[in-house]
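Participant: So the chains spell out like this:
There are 4 protein chains.
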Amino acid sequence: MRVGFVGLGGMGQAMAGVLLRKGHEVIAWNRTRARAEALREAGAVVAATPAEAARVGLVVSMVADDRAVLEVAGGNDGIRAGLPRDGLHVSMSTLAPETVDQLELAHRAAGQALVVAPVFGRPDAAAAAKLFVLAAGPQAEVKRALPLLEAMGQRVFLVGEHPAHASLVKLAGNFVLSAAIEALGEALALVSKAGIDRGTFVEILTETLFAAPAYRTYGRTLVDARFSPPGFRLPLGAKDNRLVLQAGERHEVPLPLASLIRDRMLSALAQGWGELDWSVFARIAEQEAGVQSGSR
Amino acid sequence: MRVGFVGLGGMGQAMAGVLLRKGHEVIAWNRTRARAEALREAGAVVAATPAEAARVGLVVSMVADDRAVLEVAGGNDGIRAGLPRDGLHVSMSTLAPETVDQLELAHRAAGQALVVAPVFGRPDAAAAAKLFVLAAGPQAEVKRALPLLEAMGQRVFLVGEHPAHASLVKLAGNFVLSAAIEALGEALALVSKAGIDRGTFVEILTETLFAAPAYRTYGRTLVDARFSPPGFRLPLGAKDNRLVLQAGERHEVPLPLASLIRDRMLSALAQGWGELDWSVFARIAEQEAGVQSGSR
Amino acid sequence: MRVGFVGLGGMGQAMAGVLLRKGHEVIAWNRTRARAEALREAGAVVAATPAEAARVGLVVSMVADDRAVLEVAGGNDGIRAGLPRDGLHVSMSTLAPETVDQLELAHRAAGQALVVAPVFGRPDAAAAAKLFVLAAGPQAEVKRALPLLEAMGQRVFLVGEHPAHASLVKLAGNFVLSAAIEALGEALALVSKAGIDRGTFVEILTETLFAAPAYRTYGRTLVDARFSPPGFRLPLGAKDNRLVLQAGERHEVPLPLASLIRDRMLSALAQGWGELDWSVFARIAEQEAGVQSGSR
Amino acid sequence: MRVGFVGLGGMGQAMAGVLLRKGHEVIAWNRTRARAEALREAGAVVAATPAEAARVGLVVSMVADDRAVLEVAGGNDGIRAGLPRDGLHVSMSTLAPETVDQLELAHRAAGQALVVAPVFGRPDAAAAAKLFVLAAGPQAEVKRALPLLEAMGQRVFLVGEHPAHASLVKLAGNFVLSAAIEALGEALALVSKAGIDRGTFVEILTETLFAAPAYRTYGRTLVDARFSPPGFRLPLGAKDNRLVLQAGERHEVPLPLASLIRDRMLSALAQGWGELDWSVFARIAEQEAGVQSGSR
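Residue numbers (the numbering used here), protein chains in the order written: chain A, -13 to 282; chain B, -13 to 282; chain C, -13 to 282; chain D, -13 to 282.
Honestly, I wouldn't trust all of these hints.
Repeated chains share a single entry, so a pair holds when one copy, or any two copies, can fit it.
[Unchecked claim] Below are the SDA-like pairs computed for lysine to any residue, each with C-alpha atoms no more than 25 Å apart in a straight line:
#1 K225 - Q88
#2 K225 - V277
#3 K225 - E84
#4 K116 - G146
#5 K116 - A137
#6 K129 - E193
#7 K225 - V31
#8 K129 - E189
#9 K225 - R236
#10 K8 - D183
#11 K179 - E238
#12 K129 - P216
#13 K225 - E235
#14 K8 - E84
#15 K179 - G60
#16 K179 - E235
#17 K116 - E193
#18 K8 - T203
Read the hints as simulated data drawn from the structure, not as lab findings.
Could you build the full structure based on these sequences and the hints that come with them?
Facilitator: Set out below in structure tokens:
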């Protein structure tokens, strides 16, 4: 298929690379053009504007945050301006449900469709086409996007007809993940101070009740205290946490565990850890317990 | 092997049954004798006192709580009184580390050994010999207990030489589990109120980042709101939570997430849910959000 | 003095009334004109627009929230359009510090000055000229506003030269107040369930360590469970809580107690208590404890 | 009146001194006899045992904690052994309600009465006879103790007939106080980081909504970061917090704010601040926010 691709950060570049490898034609755009040029060698056409990338009628976007998606979608050079009537925008960023609603209305007014399809997985999973994709939108449009989504992911889950629902499921999933990280941080502070080997503890958990990717990945990160280079930077984790709290506010749902993690993340930012992996917030539990740990 | 077995509640009965099935000779004791008699048909010898069960030199205990283990271990009719010098007590209950230390000292004074080996798994896993066993104690003694532990569990993890460490790992593991349940409860409250199907949400989590027994079991329980019959009653969960908080106090480790769960459990008890499965505390998140959910 | 007055809600009307009573000339504007007309009998001149009220060179605003102040300050009919060069806007609403910064820049660009002077006190205190006023801004401008501020308040505190600081002190003060209310709520839940008379408990506190207006007012409200009519509606309290959390985020300051109150307020909103006094969030502590209390 | 006085720590010595000054005869006992001798010069008779101090028929105790009161009350040399039938024990320590119940039963079995009368106030207030006393017990017995209680306090509050109720009111009052301290700590972290003068902030609060002794005392302590010498050591504050949480558990009352303070206190202990004033836990809020503050 021919597809526009807007946003070539760590995730976007890996995903667009997968599409090229699997034989799709990619018209790529990125704000800093150098990243787009890097993809030219892999066979991509480089577009001068998001509008140009969207002209082909089907365009994927994978950008940093809500503001970025509103910028690349709107304006004279934006996706909406270039996308033909009946064209489809597949937004794969993690966005606030409110932003999705706003985006959907704008596309609809232009006679265009929106599918929202955020992913679980970090750049290495993206490069290996091992993402989990959560897709939502009108059924026919999701079907249209499916070959691309299946190319990029190891599995695609259908969340329903409301694009904002896919965003919320993604945010809620990230929240559940952050809770697991906080729990590991507190448990490690406790067992460490009691003189139990941290690696043994995490191994026991991840080979029994918690034999899941989330615990294996972050259990290892915490045991090794290896937060750099970051897989996902702390300020981005803090953004997702803010979005889930905002969703709680909108729907009048108290989320005390998400509030706890908010405060942990702010503590971590206040320690100057903004360039580290987001899971570093689990270190606050150890710091409060007076545990000295190894290198970071 | 010939082994005494003290404590035939839901867990103990299943575990002793497995030992019998696998060809071990079991001398069983239980406070309410009827439960021991039930095991006689399966081949067990019924002892009149814990001391009698311990006389064989190797005795397993699996009782409800700290007070119960101190009762069956001490006194004229207790395990210590019956166990020969150089005998071994394998305590498999979930105990406070302090209780373990106390028990260890008493056995040592009597020239006896203690191995502590709590388990992950509920009665159905016990009956299927699928428990995960966490064993700690002097190396030679753990080795002596190993054939029994391996008979009862699908895998035995060695936590080190200090019996109390096995207790703490168990408690910390239960805490991590309770955190996962709370996270699911809050996330379900949010997605439900936003109009997303609860089952779809849990399915997505448990087939992606959280493809682990803990999330599958409790995700299903929460989606179905099926808290009765209980796999593990709320007051027992509250006891384990209290023990982990006490361990935090002893080692000066703040555990805000464990504190949150403490308050959730007290709320659930205050609603009169003491006879339900411990995971029912996750319902407080929904109650606070004003979510009406189905049957319990 | 001649002064414009923009915003005649419960607070604004009482404050403008005090100014009139003390001999000041008031040119009043309110979005729903009827409320301004009510003040005409007391001697006010009714303006057709905020700009008209501002033309006199000194204008007070007391509106509901950040959005409202930006609306009355901007646009062709707004305060900035009417206020002469060197004119002074005294904003007495509780605003986000960011909004204050934005407002200050806009006034400065127009050659105008801004003093920010939020208050502690409810409409009855305003009507009795018993407000506490927290004023911040350039020294000369605060001095210019002082006769008015002193007319409306029992005392004026100077917070410094940065208008946003007065906002933040107000928000932080409201937060400390909300903490006192939550503490009372939890303590009442505990002593009630233990069989101690709630009134006796609050009397002891408020005649000993907590002999302060905050505890007397809210202690009584909670003991009587009299949340209607509201002195300050829950959604307004929730707004102030949101602003203090946002300030925490901006400055990287974790505020776990403010987070707890956030979740309490959301619970209270989810119970449908949005029309009641903001202190009703303290009832969540009792609800979680299964305490039945009297009328509301 | 003639009265025995058991326990001459910082508080007890000041209180017994007041009784002597006001013309009462005091028979004093303390575990480390040197402290009793110091009181001899002021006119006290020194007793060799608590029993001897109790022989006069009316005895006050003011000891460190639950264990200490059980020790001085029981045994061959204890208060119960010396107190005549119909004698009265006035226990003024801060105790767990359970301990009070236990003490009451034991005295009743010996035909003796118990009044429980904990106080608000630190040693300087005790020396100035400015304590607030919370008394509970059988009406006639409280009346009998009243002249002594009124001698030691600026005011005596009657909590009812159940001695344990006075304990719980005291604990709940301390909890409300700890909440105020935490709120001040968080608010100070926020305003400090925003560049607002800490002293100005506390002055504004304590001259407006929070014009109460609690806020004045601790506001000053926090602004000056003067936690040494301690008025009340952190481990004692942590003990009272533990008792209030235990009471919450007993009555099935979740206390999230008390849980937060528990975690703060554990953090403070883990930083090695066990010799400082209990209010030092408020520093954790600043530490988490990365605020550097002055001397301690």
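Participant: Take the hints in turn and mark each one as holding or not.
Facilitator: Here is how each hint holds up against the structure:
Proximity of K225 to Q88 under the C-alpha cut-off of 25 Å is found in both arrangements, the shortest distances being 19 Å within a copy and 23 Å between copies. Taking identical chains as interchangeable, the C-alpha atoms of K225 and V277 lie at most 25 Å apart only when they sit on different chains, with a minimum of 23 Å there against 28 Å within one chain. In this assembly of identical chains, K225 and E84 lie within 25 Å of each other by CA distance both inside one copy and across copies; the values are 14 Å within and 19 Å between. For a Cα distance limit of 25 Å, the shortest separation of K116 from G146 inside one copy, 22 Å, qualifies, whereas the shortest one across copies, 38 Å, does not.
Taking CA atoms no more than 25 Å apart as the test, K116 paired with A137 passes inside one copy only; the shortest distance there is 9 Å, against 38 Å between copies. Proximity of K129 and E193 under a CA criterion of 25 Å is satisfied inter-copy only: 21 Å between copies versus 38 Å inside one chain copy. Neither within a single protomer nor between protomers do K225 and V31 lie at most 25 Å apart by alpha-carbon distance, with minima of 32 Å and 49 Å respectively. Taking identical chains as interchangeable, the C-alpha atoms of K129 and E189 lie at most 25 Å apart only when they sit on different chains, with a minimum of 21 Å there against 41 Å within one chain.
For the identical chains of this complex, K225 and R236 are neighbours both inside a copy (16 Å) and across copies (13 Å), given an alpha-carbon limit of 25 Å. For the identical chains of this complex, K8 and D183 are neighbours neither inside a copy (45 Å) nor across copies (33 Å), given an alpha-carbon limit of 25 Å. For a Cα distance limit of 25 Å, the shortest separation of K179 from E238 across copies, 9 Å, qualifies, whereas the shortest one inside one copy, 39 Å, does not. For a Cα distance limit of 25 Å, the shortest separation of K129 from P216 qualifies neither inside one copy, at 34 Å, nor across copies, at 42 Å.
Taking the shortest Cα distances, K225 and E235 sit within 25 Å of each other both inside one copy (15 Å) and across copies (11 Å). For the homomeric pair K8 and E84, neither the shortest alpha-carbon distance inside one copy (34 Å) nor that between copies (48 Å) is at most 25 Å. Taking the shortest Cα distances, K179 and G60 never come within 25 Å of each other, neither inside one copy (53 Å) nor across copies (31 Å). Only between protomers do K179 and E235 lie at most 25 Å apart by alpha-carbon distance; the minimum there is 11 Å, versus 37 Å within a single protomer.
In the homo-oligomer, the alpha carbons of K116 and E193 lie at most 25 Å apart both inside one protomer (22 Å) and across protomers (13 Å), since each shortest distance falls under that limit. Proximity of K8 and T203 under a CA criterion of 25 Å is satisfied in neither setting, with 28 Å inside one chain copy and 38 Å between copies.
Of the numbered hints listed earlier, those contradicted by the structure are 7, 10, 12, 14, 15, 18.
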